[in-house]
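Student: Model the placement of chain B on the given structure of chain A, informed by the hints.
In case you want the letters, here they are:
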Amino acid sequence: MATKTFTTGEVLTASDTNTYLANSGLVYIKQQTVGNGVSTVSVTDAFSSTYDNYEIIYSGGTSSVNNNFNLYLTGQSSNYYNVLLYGTYTATGPSIATTNNDRAFWPWVGGGFTTNGNFARVTLLSPFEAKYTRITSPTYQGDTNAGFMSGVNKTASSATGFTITSDSGTISGGVIFVYGYRKA
Amino acid sequence: MTRPNIQIDDEVREMTAEEYEALIASGWTEEGTNDLAG
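Protein chains in written order, with this note's numbering: chain A, 1 to 184; chain B, 1 to 38.
With the rest of the complex left out, here is chain A:
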């Protein structure tokens, strides 16, 4: 049972406490502190059969230049497709689209600033399952524009980890957190 409604006066047992505290929707899996002056950070053993879908959150630290972050799955070096829809804060018109057609990574999953820190939030659907992996990320957030990215990796294979890279310069510090969406 994934949830339970307790009644007034009911004894809260250790078993119930352990079970239902653990039955939260989003479950912490692991975290990785980012080192100094890195352009590539790989996080291993993040995905497994325990969860199908995941959230990756990165914040803190700084970048040597203002940059965008890319992400790719461990062992999958091609078949990455995605679209970025974004607009500028001062524009009244519709978003601008830019695309990625079959590269070695997904661009625009986040970014970093020299003074205001690094950031990324990524949702991955089914990276561990032997089928296509879907991605969304709302953290294309610059000083003058912002947008959302959505895409797919058309490789029907399983990945257990991921790598975040900067598209320019290096990143230092901050923590990458990985969470899984509980299935039951």
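Calculated from the structure, these hints are not laboratory results. Be aware that one or more of the hints could be misleading.
Listed next, with one range per pair, are the computed distances between beta-carbon atoms [as the list claims (entries may be wrong)]:
| no. | chain 1 | residue 1 | chain 2 | residue 2 | range |
| --- | --- | --- | --- | --- | --- |
| 1 | A | THR115 | B | THR29 | 18 to 24 Å |
| 2 | A | SER48 | B | ARG13 | 24 to 30 Å |
| 3 | B | ILE8 | A | ASN116 | 23 to 29 Å |
| 4 | A | THR13 | B | GLU18 | 23 to 29 Å |
| 5 | B | THR2 | A | ALA146 | 30 to 36 Å |
Just a few of them, taken from the derived set where beta-carbon distance is under 10 Å, the chain A residues facing chain B [unchecked claim]:
| no. | residue |
| --- | --- |
| 6 | ILE29 |
| 7 | THR33 |
| 8 | VAL41 |
| 9 | PRO107 |
| 10 | THR160 |
| 11 | GLY161 |
| 12 | SER166 |
Where chain B lies over chain A, by a calculated footprint (3+ residues, C-beta under 8 Å) [to be verified]:
| no. | region |
| --- | --- |
| 13 | 42-50 |
| 14 | 65-72 |
| 15 | 168-178 |
For glycine and all other residues, C-beta sits at the position ideal for the given N, C-alpha and C.
Tutor: Coordinates of chain B only, in the frame set by chain A:
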């Protein structure tokens, strides 16, 4: 220039020449030139 570092879990080390070549091939630049900057 000094090659950037690569990190795998808690291990941080300087990139090898081969890893640096692959990074450059991916479009990476030392200086920020992207449309997020600014």
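Student: Please go over all the hints and tell whether each is borne out by the structure.
Tutor: Verification of the hints:
1. Between THR115 (chain A) and THR29 (chain B), the C-beta spacing of about 20 Å keeps the proposed range 18 to 24 Å intact.
2. Between SER48 (chain A) and ARG13 (chain B) the beta carbon distance is about 27 Å. The supplied range of 24 to 30 Å therefore holds.
3. Between ILE8 (chain B) and ASN116 (chain A) the C-beta distance comes to about 27 Å, which sits within the given range of 23 to 29 Å.
4. The given range of 23 to 29 Å is broken by THR13 (chain A) and GLU18 (chain B), whose C-beta atoms sit roughly 57 Å from each other.
5. The hint said 30 to 36 Å for the Cβ distance between THR2 (chain B) and ALA146 (chain A), and at roughly 33 Å that hint holds.
6. Against a cut-off of 10 Å between C-beta atoms, the interface hint on ILE29 (chain A) is violated, since the closest Cβ of chain B lies about 13 Å away.
7. For THR33 (chain A), the interface hint holds, since its Cβ comes within 10 Å of a Cβ in chain B; the closest pair sits about 8 Å apart.
8. Hint on VAL41 (chain A) holds. Least Cβ distance to chain B is approximately 5 Å, under the 10 Å limit.
9. Hint status for PRO107 (chain A) relative to chain B: holds, with the closest Cβ pair at about 9 Å, below 10 Å.
10. Checking THR160 (chain A) against chain B: minimum C-beta separation of about 12 Å lies over 10 Å; hint violated.
11. With a cut of 10 Å, the hint placing GLY161 (chain A) at the interface with chain B holds, because the nearest CB-to-CB distance is about 9 Å.
12. At about 7 Å, the closest approach between the beta carbon of SER166 (chain A) and any beta carbon in chain B falls short of 10 Å, and the interface hint on this residue holds.
13. With 3 residues having a beta carbon nearer than 8 Å to a beta carbon of chain B, the region 42-50 of chain A meets the requirement of three or more and the stated coverage holds.
14. Chain B is given as covering the region 65-72 of chain A, and this holds because 5 residues of the stretch bring a CB closer than 8 Å to a CB of that chain, at least three being needed.
15. Check result for the region 168-178 of chain A against chain B: holds, 3 residues qualifying (beta carbon to beta carbon below 8 Å, three or more required).
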